[in-house]
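Asks: Residue numbers (the working numbering), protein chains in the order written: chain A, 6 to 314; chain B, 172 to 431.
Please keep in mind that the hints were generated in silico from the structure rather than gathered at the bench. Each hint should be verified, as a subset may be incorrect.
Said to hold, decoys possible - Cβ-to-Cβ under 7 Å is the rule here; a few derived chain B residues that face chain A: (1) Arg266; (2) Leu270; (3) Pro299; (4) Gly357.
By construction, the Cβ of each residue, glycine as well, lies at the ideal position given by its N, Cα and C atoms.
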Amino acid sequence: MIEVRELTKSFGAVQAVSKLSFTIKDGEILGFLGPNGAGKTTTMRILAGIIPPTSGRAIVAGMDVIKEPMEVKRKIGYLPEQVPLYPELTVMEYLDFVASIWKCGKKDRDLVIEQCGLESVSNALITRLSRGYRQRVGLAQALIHNPDVLILDEPTVGLDPKQIREIRDLIKSFSRKKTVILSTHILPEVSMTCQKVVIIHKGEIAAEGSPESLGKSIQNAPQVEVEIKGPQESIVKVLSGLQGILKVNVLSQPSDETQTFILETQETDVRNEIASTVINNHWSLLTLKTREMSFEDVYLKILTKEESA
Amino acid sequence: MKLRNVWIIWAKETKIAFASFAAYAAFTCFLFVSGYLFWAIVYSLAMNSSNPFGMSDVDVMQFVFRSLVQNLTLILLFLTPLFTMRLFSEEKRTRTIELLFSYPISDLDLMLGKFFGAITLMAFIVLPTLLYPLFLQLKHLAQIQWPVIFVQYLGMFLMGGLYISVGTWISSLNENTGTSFVITLGVLLMLWMLSWGINRFSTIKIAKILHQFSILIHFVNFSKGVLSIPDLSFYLLFIFFFQFLTYQVLQSRVWQGAKE
Numbered sequence: 006m007i008e009v010r011e012l013t014k015s016f017g018a019v020q021a022v023s024k025l026s027f028t029i030k031d032g033e034i035l036g037f038l039g040p041n042g043a044g045k046t047t048t049m050r051i052l053a054g055i056i057p058p059t060s061g062r063a064i065v066a067g068m069d070v071i072k073e074p075m076e077v078k079r080k081i082g083y084l085p086e087q088v089p090l091y092p093e094l095t096v097m098e099y100l101d102f103v104a105s106i107w108k109c110g111k112k113d114r115d116l117v118i119e120q121c122g123l124e125s126v127s128n129a130l131i132t133r134l135s136r137g138y139r140q141r142v143g144l145a146q147a148l149i150h151n152p153d154v155l156i157l158d159e160p161t162v163g164l165d166p167k168q169i170r171e172i173r174d175l176i177k178s179f180s181r182k183k184t185v186i187l188s189t190h191i192l193p194e195v196s197m198t199c200q201k202v203v204i205i206h207k208g209e210i211a212a213e214g215s216p217e218s219l220g221k222s223i224q225n226a227p228q229v230e231v232e233i234k235g236p237q238e239s240i241v242k243v244l245s246g247l248q249g250i251l252k253v254n255v256l257s258q259p260s261d262e263t264q265t266f267i268l269e270t271q272e273t274d275v276r277n278e279i280a281s282t283v284i285n286n287h288w289s290l291l292t293l294k295t296r297e298m299s300f301e302d303v304y305l306k307i308l309t310k311e312e313s314a
Numbered sequence: 172m173k174l175r176n177v178w179i180i181w182a183k184e185t186k187i188a189f190a191s192f193a194a195y196a197a198f199t200c201f202l203f204v205s206g207y208l209f210w211a212i213v214y215s216l217a218m219n220s221s222n223p224f225g226m227s228d229v230d231v232m233q234f235v236f237r238s239l240v241q242n243l244t245l246i247l248l249f250l251t252p253l254f255t256m257r258l259f260s261e262e263k264r265t266r267t268i269e270l271l272f273s274y275p276i277s278d279l280d281l282m283l284g285k286f287f288g289a290i291t292l293m294a295f296i297v298l299p300t301l302l303y304p305l306f307l308q309l310k311h312l313a314q315i316q317w318p319v320i321f322v323q324y325l326g327m328f329l330m331g332g333l334y335i336s337v338g339t340w341i342s343s344l345n346e347n348t349g350t351s352f353v354i355t356l357g358v359l360l361m362l363w364m365l366s367w368g369i370n371r372f373s374t375i376k377i378a379k380i381l382h383q384f385s386i387l388i389h390f391v392n393f394s395k396g397v398l399s400i401p402d403l404s405f406y407l408l409f410i411f412f413f414q415f416l417t418y419q420v421l422q423s424r425v426w427q428g429a430k431e
């Protein structure tokens, strides 16, 4: 559905995006992740046909964004960050304006009002709406012409947890029906809503894949977390001696001689050996579990790796 | 260019302009000031008239409406920046312009829709003053030559269009409405006063050139009710030029960083 090839955009000496390439399949939700100023918004503006790239290509629904901008725009619903709206108009007046641009009828307008849950505020002035409702109006204007592709720039910024959940559920409901690109720097959002993630940093792709596969690729070895009551020195010594364990890290050192260790292991599952070793040494085993890297760990690790490279 | 899109933008601009209090405030102020002005001019003419039977028709057309139109055009100069300042500055500040750019509307449609929206607002403020000649006519105080009034008002609209064109361009350059207002007012005042320091018969080349660019000198014929094609072309070219500049500003996002 969307294909981005070697996309580059420079503003004078500043290179906002450099040689970005990725593809999104029909009906997929792509999370576009990166710190502020990474080039997310620039990429989305190019895809939405607002600015042309310096070089490279972007193909949406089989059409080149540069060559057929007007046709591509018809396939896209765009919601910029901070949801720009006209405060002087009512929700209905505003949606009527957008509908007339897309040559949509009252039917389409009423459909998005229902879809986005705006019935109760349709005659209210936009300036009186809460952030959550404004966000919905923003989504409604992006959906009104029933586009195949949705480009949403930080759709949940500034919302309270309940509103975030509502917007997220709304976006999720488009899954498989529409192709969605969603930029964010909120990590749980990505693991919850997206099937694919592209992490960009300083205008370049730092990593891409599914949220789970990204976790696996970055984690060089499986880790085991173990909480043991016993003398620290001998525990470290004994555990390090076990086969399959690469490194023993002491995580915390609370009272009662209870300590948590993070063991970096080879591919094999070593939990069995650890358990019997602990029991054989007459220590107490309090916790024993494999440790998965959270998405946050993955993200930070990718960014810091980029930083040091 | 698609007329339909121009119309949609025009409708949106007008709706927003009339949703704010500013339009009605300007409307009221303009009517008050022009009403007082009209009364003052007629009163002083009637008092000082050498004709024992009151005002002659020539007096009314050449004195009353000529000075009325000239004064209203100056008042309009102070009001117009209030409308043009937000045309693009506000859309840039609130970023609604990003959405307009993402719609299938060309920059030309957008610009023309906004230009005619501002002209409409000006018409809303200026046209009620046509009640004054109508009043004189209905009260049988003077025989109004309507073609003369038409040319005088055409001149006022051309001058207003010029103000709007300059204001639109300045508004497209920055995202602060206050800045847009001040700069527009300054530029318009400069254009207005351009001819003040120039001797009409000066032999200095620069004076002759400045003379040609004076918006005031090109207004003289219109204020007399005389339609002159060179003056008409001057205003149309002026409007066209600043619309062209505005278009280039809008397009700049397309060519900035488009090629290495």
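Asks: Confirm or reject each hint.
Replies: Now for the hints, and whether the structure bears them out:
A distance limit of 7 Å between C-beta atoms decides the matter here; for Arg266(B) the minimum to chain A is near 4 Å, and the interface restraint holds. Here the hint on Leu270(B) is kept, as its CB sits about 6 Å from the closest CB of chain A, short of 7 Å. Nearest Cβ of chain A to the Cβ of Pro299(B): about 24 Å, over the 7 Å cut. The hint is violated. Interface restraint check for Gly357(B): the shortest CB-CB distance to chain A comes to about 28 Å, outside 7 Å, so the restraint is violated.
When the structure is compared with the earlier hints, violations turn up for hints 3, 4 and for no others.
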